[in-house]
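> Now that you have both chains on their own, put them together as the hints suggest.
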Amino acid sequence: MNNTDNQLIATRYAKSLIGLAAQGGLDYTKLYQNLQNVKEILSLTNELFDALCNPVISANDKEELISCIFANDTDETIRNFLKLLVKENRFNLIYEIIKIYDNMLDKINNISKVEVLSAIELDDNLKEQIKNKLGEILKKEIIVNYNTDKSIMAGLVYKMGDNIFDTSLKGKLDKFKKAILK
Amino acid sequence: MEIWNIIVKSNTFNFLILLGFIILLCKIFKAGSLIEGACQKIKTNIENSDNAKSDSEKKLDEARKAVENVANEVKEIFDNAQKNAGLMGDKILKEADNQAKRIFENANKTLEQEGKKLVLSLTQKTALASLETAKNHIQKTLEEKPQYHNDFIKQSIDELNRLKTDE
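Protein sequence lines, in the order shown, are assigned to chains A and B. Each residue of the first sequence is one higher than the one before, counting from 1 in my numbering. Each residue of the second sequence is one higher than the one before, counting from 1 in my numbering.
It is possible that part of the hints are untrue.
Unchecked claim - Cut-off 27 Å, straight-line C-alpha distance, at most; resulting in silico cross-link-like pairs (DSSO-like, lysine-lysine):
1. B:K41 - B:K27
2. B:K135 - A:K172
3. A:K170 - B:K145
4. B:K145 - A:K172
5. A:K99 - A:K139
6. A:K131 - B:K145
7. B:K43 - A:K127
8. A:K177 - B:K135
9. A:K182 - B:K135
10. A:K99 - A:K39
11. A:K140 - A:K107
12. A:K170 - A:K113
13. B:K125 - A:K182
14. A:K139 - A:K30
15. A:K159 - A:K170
16. B:K41 - A:K175
17. A:K178 - B:K140
18. A:K83 - A:K99
19. B:K41 - A:K150
20. A:K131 - B:K164
21. B:K154 - A:K133
By construction, these hints were calculated from the structure, which means they are not laboratory data.
The shape of chain B in the complex, shown without the other chains (with noise of 0.2 Å):
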């Protein structure tokens, strides 16, 4: 009876009960293939880890080649814009001057035309007014004095030549 307990209760015996307890469970739950099943399905997952590992280097090199490029491309465009602002404000600065001068040309020029005009008119009726005055003057003195029309007519005979030399 003491080597019965001495033998269950010492550790091998409890050890190769565990043991063919797992084998028994081994046995009925086939855990070889669900090991394998298992290993299997690791192997995958790391298989596709590494997969998605390597695209996403891929894709994170290419998304650095694209953002070099962009900053590139960025730098053109900006580059190019201020080229062409640039450009176009001179343009635009240049066509504002010279409509502006063009502008201020023709602005003198109508007023000087028109001061012309006007200097003109005024002349004009001056010149008329003092033609009706001086007109209304001899008009009275040949009235007060008849003898100047002797002198007038006298002038008309000698301007007859004038006919001569036109001849």
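Extracted from the complex, chain A is given alone in its bound form (with noise of 0.2 Å):
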């Protein structure tokens, strides 16, 4: 099964859990909170995953084995979805599931999630700054994560899901250089 097969199938999980929310068995926010709690507890240690993907061993022990390691992060809505997880054997997908769930919800919530690569670390009248002029542009809620990297030289990256905008110096330089080759 290729990547695409993979995103179609994650995308179809995540719309029912968006579909969850919605029936109102557990809200939006809630529901994304139980699911960096299992991505949290899913990052502490590999075995987990790979058990929970394993398919020697049986969809009940794996049931059970949620059951134990979730009971106290997570709603029982979510350790009933991760059990179809397991009894479907697409638990390999949780990772992609959570992602596109945060995408499906940031949609829903008119927020846009942009990381800003700078050469430098910016002031905060920088920060405000980028964050006002994205709101402006995108019409939507911005939730900006600055990180520095030297190697853009100067200026800015932006970083929006699948998109990026370089507006950097190397970046420029880059294009420059591809020119030439042309």
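Structure follows, in structure tokens:
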């Protein structure tokens, strides 16, 4: 099965989660928080993820494992969802499902998450300017994650989901270099 | 006796004796048939000679005619050969000329293309070297004057307007 197929399947599961929240079982934010908890617990040890994806281990054992490990940090609805994934042998898609759910939730809440890369640490004034400008352009509530990367030389690189808007000096020089080599 | 002497010594008598002797000889050797045979032979030879002569004359005529035609044929062949040689020569010259032109044109084209490639390659190399120098210079300037970063950042913020126009 290729990546596109996995993406489609993960989207279907993410949509079902959104549907679940829309029906009022669990609100979007709680659902989001629950999924973040799942992600955090899974990140503690790779063995847990491997075990839940392992086809040799029976679905019943996996379900028991989920009931034990996620009992304190997740709602029953989410645990049932995880059990369903295990039963359907789709637990390997959990990270993709969470990512797609996050994106869908952002759309619902009219939120855009943007990562901004700069060569130097930005002061608060510049951060404010960037956030306001992004909000003005994208007409959404903006959540900005600021990071530094000296290799971009100067200027800024904006990452919005899978889209990259490169206004850095390195990006411009690279474009110029490509134009020369054409 | 004297009369005898006169008779014996006379020419007429001698002639008669000779005649008689000849007739005798002719009878002995059948001179008539010999002469007739010889005559016949001579006659045949004359006839053969006449035939040979007329044959020779005929052959001579034929030979003359043949020689006359040969001369014409030789002339015709020579004329044709000259004509063909002329045509072939023209054709060969024309082809050689065309080929030379083609070779010259191809050589010119190749030369031109190679020249362009060389110029492009040199331009590229020069431009890339200039770009690298500029990059190092900018890097150094930014390290010496970090306040320039703010200008680039402000420019980057302004460039977000492009997202608006792209939409």
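> None of the hints should be skipped; say for each whether it holds.
Hints and how they fare:
Distance restraint check for K41 of chain B and K27 of chain B: the Cα-Cα separation of roughly 21 Å lies within the 27 Å cut-off, and the hinted pair is therefore satisfied. Our distance criterion of 27 Å between C-alpha atoms is met by K135 of chain B and K172 of chain A, whose separation comes to about 11 Å. In summary, the hint linking K170 of chain A to K145 of chain B is supported, as the alpha carbons are separated by about 18 Å, within the 27 Å threshold. This hinted pair checks out: K145 of chain B and K172 of chain A have alpha carbons roughly 20 Å apart, not beyond 27 Å.
Simply put, K99 of chain A and K139 of chain A have alpha-carbon atoms about 22 Å apart, close enough for the 27 Å limit, and the pair holds. Distance restraint check for K131 of chain A and K145 of chain B: the Cα-Cα separation of roughly 26 Å lies within the 27 Å cut-off, and the hinted pair is therefore satisfied. Using a Cα cut-off of 27 Å, the hinted pair K43 of chain B and K127 of chain A is violated, with the two alpha carbons roughly 151 Å apart. In summary, the hint linking K177 of chain A to K135 of chain B is supported, as the alpha carbons are separated by about 11 Å, within the 27 Å threshold.
Among the hinted pairs, K182 of chain A with K135 of chain B is consistent with the structure: their alpha-carbon atoms are about 20 Å apart, no more than 27 Å. A distance of roughly 10 Å separates the Cα atoms of K99 of chain A and K39 of chain A; the hinted pair therefore holds under the 27 Å criterion. Restraint check for K140 of chain A and K107 of chain A: the C-alpha separation of about 9 Å stays at or below 27 Å, so the hint holds. Restraint check: the Cα-Cα separation between K170 of chain A and K113 of chain A comes to about 23 Å, which is no more than 27 Å; the hinted pair holds.
Straight-line distance between C-alpha atoms of K125 of chain B and K182 of chain A comes to about 12 Å, which keeps the hinted pair within the 27 Å bound. Taking the CA atoms of K139 of chain A and K30 of chain A, the gap is near 25 Å; set against the 27 Å cutoff, the hint holds. Between K159 of chain A and K170 of chain A the alpha-carbon distance is near 16 Å, which keeps this suggested pair within the 27 Å criterion. Between K41 of chain B and K175 of chain A the CA atoms are separated by roughly 126 Å; this puts the pair beyond 27 Å, and the hint is violated.
For a cut-off of 27 Å, the pair hint linking K178 of chain A to K140 of chain B stands: about 23 Å separates their Cα positions. Under the criterion of a C-alpha separation no larger than 27 Å, the hint pairing K83 of chain A with K99 of chain A is consistent with the structure, at around 19 Å. Taking the CA atoms of K41 of chain B and K150 of chain A, the gap is near 141 Å; set against the 27 Å cutoff, the hint is violated. Of the pairs offered as hints, the one joining K131 of chain A and K164 of chain B holds, with about 15 Å between alpha carbons and a cut-off of 27 Å not exceeded.
Distance check on the hinted pair: K154 of chain B and K133 of chain A sit about 11 Å apart at the alpha-carbon level, within 27 Å; holds.
Comparing the model with each earlier hint shows violations of hints 7, 16, 19; every other hint is respected.
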